[in-house]
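Student: Below are the chains, spelled out letter by letter.
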Amino acid sequence: MNTPRQSPAAFEYLTTKKDELVGWARKFSLFPYPFVTACCGMEFMSVSSTLYDTDRFGAALPRFSPRQSDLMMVVGTINHKQAPVLRKVYEQMCEPKWVIAFGTCTISGGFYQNYAVLLGIDKVIPVDVYIPGCPPRPEMVIDGIMQLQDKIATARHPLINEHF
Amino acid sequence: MHDAILKRLRERLAVEAGLAATLSQGLLVLVQKPDELLAIAQTLKHKFAFDLLLDVTAVDWPQRQPRFDVVYHFYSTQDHVRVRLKTAVSETSPEVDSLRSLYGSANIMERECHEMYGIRFRDNPDLRPILLYEGFEGYPLRKDYPKQREQPQV
Chain A
0 MNTPRQSPAA
10 FEYLTTKKDE
20 LVGWARKFSL
30 FPYPFVTACC
40 GMEFMSVSST
50 LYDTDRFGAA
60 LPRFSPRQSD
70 LMMVVGTINH
80 KQAPVLRKVY
90 EQMCEPKWVI
100 AFGTCTISGG
110 FYQNYAVLLG
120 IDKVIPVDVY
130 IPGCPPRPEM
140 VIDGIMQLQD
150 KIATARHPLI
160 NEHF
Chain B
0 MHDAILKRLR
10 ERLAVEAGLA
20 ATLSQGLLVL
30 VQKPDELLAI
40 AQTLKHKFAF
50 DLLLDVTAVD
60 WPQRQPRFDV
70 VYHFYSTQDH
80 VRVRLKTAVS
90 ETSPEVDSLR
100 SLYGSANIME
110 RECHEMYGIR
120 FRDNPDLRPI
130 LLYEGFEGYP
140 LRKDYPKQRE
150 QPQV
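Just so you know, the protein sequences line up as chains A and B, in that order.
Letter by letter, the first sequence follows residues 0 to 163 in numbering that gives the first Met the number 0.
Letter by letter, the second sequence follows residues 0 to 153 in numbering that gives the first Met the number 0.
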């Protein structure tokens, strides 16, 4: 009845570095904000639904408010009229934040070269991972998310305040 | 059936309104002077039941004088036929009458034609851009607008 509580032999303590711990936590809790404007959006829906399932990478739950998200997925053509909106949405996201450019149009304007289309979103906001393709295969998107996870895991995560 | 209606309508246009229409790809085509435009549209609407204005657009012919064609398409919901009305305007005064007194849909389509081609529509008070933004210079669908010219906002 009064058996003494046995302490487990292993995993009582874990030593790690703060950056690795924070990076490990952050890379599995990506909350994407889908900035979907064009046909790549269909591929984005396919990759986030059951068959390819981005939930495996902790990046499943799209938040439709930039204030609740930390990964912005820019999916589809951005034109000059939308560029101020894109910049504003990006500025509304809290730090830390990352951006994935999904599809050729967001990377370079794609096959558009005219008065309307912005030739690459990196003229407006910083981009972490570029996923080329018109549209990209789901495997490429998953590869892109994994590359972003590697980037987060190996990055520095500076102290935010005196508690953390 | 369709051809018979077109043929009859073409005869009626010639007899009752004095308009010589040609046929092109199953459409009746009228080419008229810009100052006759409003009167002809009125005739088409009230006498020949072309009660739907489908499209207002323009064509740029850089080598030609006068330079622009303003093109209207009308549809008759009674006879199920279309008529195309073309009028040529010059580069120096690209101006035609607005059809907004006859067709409500002319408001928006004339706005778009104005921002893309720089055609002015008299009596249309609201020619603000729809697809473009404030501060955009030039008319992007004119042939002399450089293909690679960008006007970024950010």
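Among these hints, one or two may not hold up.
[Said to hold, decoys possible] Straight-line Cα separation of at most 25 Å, BS3-like style, residue types lysine-lysine; simulated pairs:
#1 A/Lys96 to A/Lys17
#2 A/Lys80 to B/Lys142
#3 A/Lys80 to B/Lys146
#4 A/Lys122 to B/Lys146
FYI, nobody ran anything at the bench for these hints, they're computed from the structure.
Student: A separate judgement is required for each hint: does it hold in the structure or not?
Tutor: Consistency of the hints with the structure:
1. At most 25 Å may separate the alpha-carbon atoms for a hinted pair to count; lysine 96 of chain A and lysine 17 of chain A meet this at roughly 19 Å.
2. Straight-line distance between C-alpha atoms of lysine 80 of chain A and lysine 142 of chain B comes to about 22 Å, which keeps the hinted pair within the 25 Å bound.
3. For the suggested pair lysine 80 of chain A and lysine 146 of chain B, the alpha carbons sit about 17 Å apart, so the restraint of at most 25 Å is met.
4. Pair hint lysine 122 of chain A plus lysine 146 of chain B holds up; C-alpha atoms about 19 Å apart against a cutoff of 25 Å.
Checked against the numbered hints listed earlier, the structure breaks none of them; every hint is satisfied.
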